[in-house]
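Peer 1: Chains as they are written, first to last, in the working numbering: chain U, 1 to 270; chain G, 271 to 540; chain E, 541 to 810.
In case anyone wonders, no lab produced these hints; they're calculated from the structure. Computed from a predicted structure; not experimentally measured. Incorrect hints may have been included.
Derived CB-CB ranges, DEER-like [what the hints assert, rightly or not]: (1) A88(U) - T611(E): 20 to 26 Å; (2) E255(U) - I599(E): 39 to 45 Å; (3) P212(U) - H590(E): 45 to 51 Å; (4) G629(E) - D279(G): 52 to 58 Å; (5) E535(G) - D549(E): 56 to 62 Å; (6) K287(G) - D149(U): 26 to 32 Å; (7) P212(U) - A628(E): 30 to 36 Å; (8) K775(E) - E255(U): 49 to 55 Å; (9) D384(G) - H590(E): 51 to 57 Å; (10) A263(U) - T611(E): 51 to 57 Å.
Note that beta-carbon positions come from the ideal geometry of N, C-alpha and C, so glycine has one too.
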Amino acid sequence: MISTQRLIDLMRAVREKKPLLHVITNRVAINDSANGALAVGASPIMAEAHEEVETIAAISGALELNIGNLTPYSIQSMLLSGHAANQAGVPVVLDPVGAGATEFRLQTVQKLLDELDIAIIRGNAGEIAALAGEDWGAKGVDAGEGDGDIVAIAERVARKWHTVTAVSGAADTITDGQQTYCIKNGHPLFPYMTGSGCLNGVIQAAYAAVSPNYLEASVAASVNYAIAGQLAGEKCAGPGSFRQQLMDELYLLTEEKIRRYAAFEEVARS
Amino acid sequence: MISTQRLIDLMRAVREKKPLLHVITNRVAINDSANGALAVGASPIMAEAHEEVETIAAISGALELNIGNLTPYSIQSMLLSGHAANQAGVPVVLDPVGAGATEFRLQTVQKLLDELDIAIIRGNAGEIAALAGEDWGAKGVDAGEGDGDIVAIAERVARKWHTVTAVSGAADTITDGQQTYCIKNGHPLFPYMTGSGCLNGVIQAAYAAVSPNYLEASVAASVNYAIAGQLAGEKCAGPGSFRQQLMDELYLLTEEKIRRYAAFEEVARS
Amino acid sequence: MISTQRLIDLMRAVREKKPLLHVITNRVAINDSANGALAVGASPIMAEAHEEVETIAAISGALELNIGNLTPYSIQSMLLSGHAANQAGVPVVLDPVGAGATEFRLQTVQKLLDELDIAIIRGNAGEIAALAGEDWGAKGVDAGEGDGDIVAIAERVARKWHTVTAVSGAADTITDGQQTYCIKNGHPLFPYMTGSGCLNGVIQAAYAAVSPNYLEASVAASVNYAIAGQLAGEKCAGPGSFRQQLMDELYLLTEEKIRRYAAFEEVARS
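Here chain U stands alone, though its shape is the one from the complex (with noise of 0.2 Å):
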């Protein structure tokens, strides 16, 4: 069972390492994921070059690829980055939105996780299930509304790739395939906040940058993240507000904060 004092322990380790971030997203959500990163006290940097994507992976303190917007430029930088990265034991955290959306998608996603060692998979419950051949009603990138177990899709997941698997939603679900931890912290701002759940994979990524227990570093990252939507949603009247307000909350999280709102728990393996 992780502690509470692991989570506090490792949003430390981020502010004090600042760990270089690299990047590689969609047009989306980049600028709401480089200021959500540095408010948790990373340094993201979001490079797509080919001429340098390998330099900066290498030199990285982890690897996130999110294929939001892809083209045949991106993912060459995600396939040429993520190869620097695992050979230089940089972990690489994966980001499927709208696997479920299109084959093109779907594809791509397979031939990254079979191509590249990932340290975490991070998507919607839509995108899970279609990485496990689930139809889960997943409409464009929003999660959609299946009625499957996502629970034992996710440790699928986990457990086909050697990854953990972090399930976002109105509960997160974390799991390597062997541990499963649920997560009740959030708000349902959320959802309307574009890019919310591309910041989640850049702050699995900054957490894995600073423990080589990924399952830790997810249930930690997404612990702290829903804590500070939590707080931002209890201030708030829209998704406007709750946005700005989430960055301010990233920044200002605390020991005592973490203390007193985590809500996370081990579940039973399905």
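Since chain U is already given, all that's left is putting chains G and E on it; use the hints.
Peer 2: Using the frame of chain U, we list chains G and E on its own:
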């Protein structure tokens, strides 16, 4: 004459149907466009890859094409998705950003108008005047200050391309070439928010997705967006807070607010 | 010695002339850069298409080139627009984002500096040090913490490329290689806002568009931007609210605020 009740019904229809919106837009406005779409209740997907744009356009409630950052690749994305949308009966909204700024933009817009069946064209006065071959003194992507009869110009554009034309400005003009509406809601801070016109175009698409009467859809989208801006502006000191508050007000729009604030009227044909 | 009155005159000149700014920048900063340009009174256009960049650069008040997200296509856009601007006497501002991070960025910046006549180079200490061939311990796109004499380095860069060099940091250093100014306004939240340096570069361009004395333009832009940040910071709890408030303060800047807060001085040449 369109009734205020109709504006309310369409606002509700967007929230209930949560239409998938396929948006191909510029890098400046892309984040606000996605957040604004979510705030009104739609589900945006910003896809440009040639491998998937046809699939996504065909299953969407509407397609929105914005030429703010053209590349050879994105022009092809627009044509592929536009033809797929036309084929599937999905309405297409076109935003001719900066059409008066360069010959290249004007030619691209004309190509899109010639090849595709466009439900609604939304632009500022300078852009719509450029489509009509009128000089409007536009500067870059800003409207400029022409002294022509914008109602007559808008009606000409609408009739030429068999489309609804929505001209945004201090007052908005919406016409299908037969019936013309003038909308007086809005706020002087709108032009200080980059991409506020682009977001207007996306909201036009959200409403077109729920109403086959595109004149009604465009008037409803325009009035409701302008009311949200008016309410946001009253609470703000400058453009930074306006932008945030606008997103909140789009989300918080109610039947009561529409009844209280809607200021639109049919105008005689020029 | 530049007077405070001159800072005020240039702020007003930007608002009165509303210069068209042609900006080629990275995807992270592009939205804030456009909003910030609007907030100070300029009219930004973010055009990259090869078919139109020369036309737009030639009619603009200034051109700003930012290398934050290089692609082969955007490098060519920068060269085409840069040559057109030089030909037309339009000042060009260069922002060498992450020049110290990879050999690829450094070579690209040097190519731009060799081929184009640059009015102002704006970067953080790590970036300017990289141009001077100094090691500064830069990490990615963040400044790093070198211990060289940044004034001497900035003067060297200014003299080598016959340009004004503006180094942003806790204090800013602005020099044309002969006269050097130090600016002490600012706020510790600036580095937590991604693209805050990029926006600084755009504001340098807005001021260069209204003053052929680029040293004055750069000092005025830097002081006014730093005052806006200082006032924003005093009202904020974290980086999310800082970003919003900064846009408001740029828009709300007055003669009185500049007189009250401007903190800059000429320093002896190193």
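Peer 1: For every hint, state whether the structure bears it out.
Peer 2: Results of checking the hints against the structure:
1. A88(U) and T611(E) have their C-beta atoms about 24 Å apart, which keeps the hinted 20 to 26 Å range intact.
2. Checking the proposed 39 to 45 Å range against E255(U) and I599(E) shows it is violated: the Cβ atoms sit about 56 Å from each other.
3. For P212(U) and H590(E), the Cβ-Cβ distance of about 46 Å falls inside the hinted range of 45 to 51 Å, so the restraint holds.
4. At about 56 Å, the beta-carbon gap between G629(E) and D279(G) stays in the expected band of 52 to 58 Å.
5. Restraint check, E535(G) to D549(E): a C-beta distance of roughly 45 Å breaks the suggested window 56 to 62 Å.
6. Separated by about 29 Å at the C-beta atoms, K287(G) and D149(U) satisfy the suggested range of 26 to 32 Å.
7. Between P212(U) and A628(E) the CB atoms are about 56 Å apart, so this pair departs from the stated range of 30 to 36 Å.
8. Distance hint check: the CB atoms of K775(E) and E255(U) are about 26 Å apart, inconsistent with the given range 49 to 55 Å.
9. In this structure, D384(G) and H590(E) break the distance hint of 51 to 57 Å, their C-beta atoms being roughly 23 Å apart.
10. At roughly 44 Å, the beta-carbon separation of A263(U) and T611(E) lies outside the given 51 to 57 Å, and the hint is violated.
Checked against the numbered hints listed earlier, the structure breaks hints 2, 5, 7, 8, 9, 10; every other hint is satisfied.
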